[in-house]
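Asker: For reference, the chains in residue letters:
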Amino acid sequence: MADTKLKIFDYDKAEIGEELGSYEYTLTQEMVDAFRSSVEDPEAAFPTLGVKHDATAFAMVYDDPIGTVNAGNQVEFFNPPIVGKKISVTGRIADKYLRRDKPYIVIEATAIDEDGRLLEKLSTYQLKKPDELGKKWHPEQK
Amino acid sequence: MASRTEIKPGETIPTVTKAITEKSILEFESTGILDRENIHNNPELAAKRLGTTYTLASGRMSIAFASESLRRFFGPDVFNHTGTVNLKFLRPVKAGDTITVTGAVSGTEETEEGTKVSVDLFCDNQDGNRTAVGTGTAVIR
Numbered sequence: 000m001a002d003t004k005l006k007i008f009d010y011d012k013a014e015i016g017e018e019l020g021s022y023e024y025t026l027t028q029e030m031v032d033a034f035r036s037s038v039e040d041p042e043a044a045f046p047t048l049g050v051k052h053d054a055t056a057f058a059m060v061y062d063d064p065i066g067t068v069n070a071g072n073q074v075e076f077f078n079p080p081i082v083g084k085k086i087s088v089t090g091r092i093a094d095k096y097l098r099r100d101k102p103y104i105v106i107e108a109t110a111i112d113e114d115g116r117l118l119e120k121l122s123t124y125q126l127k128k129p130d131e132l133g134k135k136w137h138p139e140q141k
Numbered sequence: 000m001a002s003r004t005e006i007k008p009g010e011t012i013p014t015v016t017k018a019i020t021e022k023s024i025l026e027f028e029s030t031g032i033l034d035r036e037n038i039h040n041n042p043e044l045a046a047k048r049l050g051t052t053y054t055l056a057s058g059r060m061s062i063a064f065a066s067e068s069l070r071r072f073f074g075p076d077v078f079n080h081t082g083t084v085n086l087k088f089l090r091p092v093k094a095g096d097t098i099t100v101t102g103a104v105s106g107t108e109e110t111e112e113g114t115k116v117s118v119d120l121f122c123d124n125q126d127g128n129r130t131a132v133g134t135g136t137a138v139i140r
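Protein chains in written order, with numbering that gives the first Met the number 0: chain A, 0 to 141; chain B, 0 to 140.
In isolation and in its complexed conformation, chain A is listed as follows (with noise of 0.2 Å):
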């Protein structure tokens, strides 16, 4: 696992393309058990959605004060993880564009184990102006 000092998240700064942190972890059943349980689903084949490979390898690179708001998410399955395996993520900035003057980037991560089978495909289209949320849903709030 990544283990670098962060870097503060300027969005001006983040360019598309940019490589993401990578880093590998082992898939316990424990995992798979609080992932099952938490999504009420016995056969639910992905427990890596909990582990949300895209913005954690965000997270091994930036520390972003500021915090977004997930507005969209796009995955692709290829092979269920197993149990005891060694999986390996890698991410990246995919996108970066303004939508309505609001700030956004498409994160990615590509999953593989230590076999080398593809897992998932998982991009998030992160608003990096969270405190927009809470102005749509909750003005009163203000």
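No lab work stands behind these hints: they were computed from the structure.
There could be a bad hint or two in this list.
[To be verified] Straight line, CA to CA, 27 Å or less: simulated BS3-like cross-link-like pairs of lysine-lysine:
(1) A:6 - A:95
(2) A:101 - B:22
(3) B:93 - A:101
(4) A:128 - B:47
(5) A:127 - B:115
(6) B:47 - A:6
(7) A:120 - B:115
(8) A:127 - B:7
(9) A:135 - B:87
(10) A:12 - A:85
(11) B:47 - A:120
(12) B:22 - B:47
(13) A:12 - B:87
(14) A:135 - B:93
[Stated by the list, open to error] Covered, in the sense of this in silico footprint (three residues per stretch, anywhere, with C-beta under 8 Å from a C-beta of chain A), are these stretches of chain B:
(15) 44 to 53
(16) 71 to 79
This structure is a prediction, so every number in the text was calculated from the model and none was measured.
Don't be surprised by glycine CBs; every beta carbon is placed ideally from N, CA and C.
Since the structure of chain A is provided, determine the placement of chain B on it from the hints.
Answerer: The following block gives chain B in isolation, referenced to the frame of chain A:
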């Protein structure tokens, strides 16, 4: 479960309904490998960053719910190896909410790998408000 080999246009996917609780939100977060506070497990941080009085359920929980519906529709042998889910989140989901996933086949496309089936996906809360919308796909041979 046997995987599907025939799909009819307009065919509906199994409805999946899930109750969101503080426990389920925290349990989902506990799956991760980083032990960090975030807007899903720390109410103070959620208030500071979002301006909410509650923590949010991760949008990825809705991805998991939609995935369950699609897996039950296509069968695990198909969906777990060719499936995709793409959701846009429209409003916050929190403890106390009940989320229902529905959807129907919107079209098919012949590809080199087989027939790619597209499904429109909808997530609604207990008040009938839409929390997410999107599409799912899988390839049947």
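Asker: Take the hints in turn and mark each one as holding or not.
Answerer: Verification of the hints:
no., hint, result
1, A:6 - A:95, "18 Å, holds"
2, A:101 - B:22, "32 Å, violated"
3, B:93 - A:101, "24 Å, holds"
4, A:128 - B:47, "12 Å, holds"
5, A:127 - B:115, "34 Å, violated"
6, B:47 - A:6, "21 Å, holds"
7, A:120 - B:115, "18 Å, holds"
8, A:127 - B:7, "41 Å, violated"
9, A:135 - B:87, "16 Å, holds"
10, A:12 - A:85, "33 Å, violated"
11, B:47 - A:120, "31 Å, violated"
12, B:22 - B:47, "22 Å, holds"
13, A:12 - B:87, "26 Å, holds"
14, A:135 - B:93, "16 Å, holds"
15, 44 to 53, "holds (count 6)"
16, 71 to 79, "holds (count 3)"
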